[in-house]
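Asker: Fit chain X to the given chain R structure using the hints.
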Amino acid sequence: GENVEQHPSTLSVQEGDSAVIKCTYSDSASNYFPWYKQELGKRPQLIIDIRSNVGEKKDQRIAVTLNKTAKHFSLHITETQPEDSAVYFCAARGRGGGADGLTFGKGTHLIIQP
Amino acid sequence: GAVVSQHPSWVICKSGTSVKIECRSLDFQATTMFWYRQFPKQSLMLMATSNEGSKATYEQGVEKDKFLINHASLTLSTLTVTSAHPEDSSFYICSAPTHPGRNTGELFFGEGSRLTVL
Numbered sequence: 001g002e003n004v005e006q007h008p009s010t011l012s013v014q015e016g017d018s019a020v021i022k023c024t025y026s027d028s029a030s031n032y033f034p035w036y037k038q039e040l041g042k043r044p045q046l047i048i049d050i051r052s053n054v055g056e057k058k059d060q061r062i063a064v065t066l067n068k069t070a071k072h073f074s075l076h077i078t079e080t081q082p083e084d085s086a087v088y089f090c091a092a093r094g095r096g097g098g099a100d101g102l103t104f105g106k107g108t109h110l111i112i113q114p
Numbered sequence: 115g116a117v118v119s120q121h122p123s124w125v126i127c128k129s130g131t132s133v134k135i136e137c138r139s140l141d142f143q144a145t146t147m148f149w150y151r152q153f154p155k156q157s158l159m160l161m162a163t164s165n166e167g168s169k170a171t172y173e174q175g176v177e178k179d180k181f182l183i184n185h186a187s188l189t190l191s192t193l194t195v196t197s198a199h200p201e202d203s204s205f206y207i208c209s210a211p212t213h214p215g216r217n218t219g220e221l222f223f224g225e226g227s228r229l230t231v232l
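Line by line, the protein sequences give chains R and X. Numbering follows my numbering, with no gaps: position 69 of the first sequence is 69. Numbering follows my numbering, with no gaps: position 17 of the second sequence is 131.
Errors might be hidden in some of the hints.
Examples of chain X residues lying across from chain R (beta carbon under 7 Å, computed) [unchecked claim]:
1. Phe148
2. Leu158
3. Gly226
4. Leu229
Derived by calculation from the structure, the hints in this document are not laboratory data. Ideal placement from N, C-alpha and C gives every residue a C-beta, glycine not left out.
Okay, chain R solo, but in the shape it has when bound (with noise of 0.2 Å):
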């Protein structure tokens, strides 16, 4: 099945400086690309997406990019603020995911400091 690598763990940022996440995939046939953003004890919220067929997509301070070739797609939050902070799940939805399972990665949890 599909095995979706998240880096960093833990990401301390100043605020306003830009934040990255990368995360890689194993499925080469994935074709989805979302990520969630989950405050403590909440529900994962998506905050953006990808699909394969796109390369980057940015909506306000946030955009995602995917290499394809590469297997990898990374979020860039630029400016950031202190309602940023929280844990950040990237996921791929690879063949042994069912229908529209969603296969996550360990998470990362990104702290902006004031």
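Answerer: Same frame as chain R, now just chain X:
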């Protein structure tokens, strides 16, 4: 937009008892729902795919007799943790496709249910 509601949000039970968690799609029909499990400070692990009108599909290593899934209608899937033990304590989250029938991959998650087994 799509809304998935999960109940109860938290439950405490004694070891050996069974606990049922409900997952409902509120404004759309979901022929497929997914159940995830999340231990503290860890990732979401897919447990099983719930299919309306047929048996659930379990991921490798998940005991189907331990975690009973019933997709009784197009808006309701239930997960029953049978003979619960302390090691079953976890955060259980269900999800459903945001665009049923289009297979886009997008999922909407329920609020999650925190199970504590004493």
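Asker: Compare the structure with each hint and give your call.
Answerer: Hint check results:
no.	hint	verdict
1	Phe148	holds, 5 Å
2	Leu158	holds, 5 Å
3	Gly226	holds, 6 Å
4	Leu229	violated, 13 Å
In this structure, only the earlier hint numbered 4 is contradicted, and the remaining ones agree with it.
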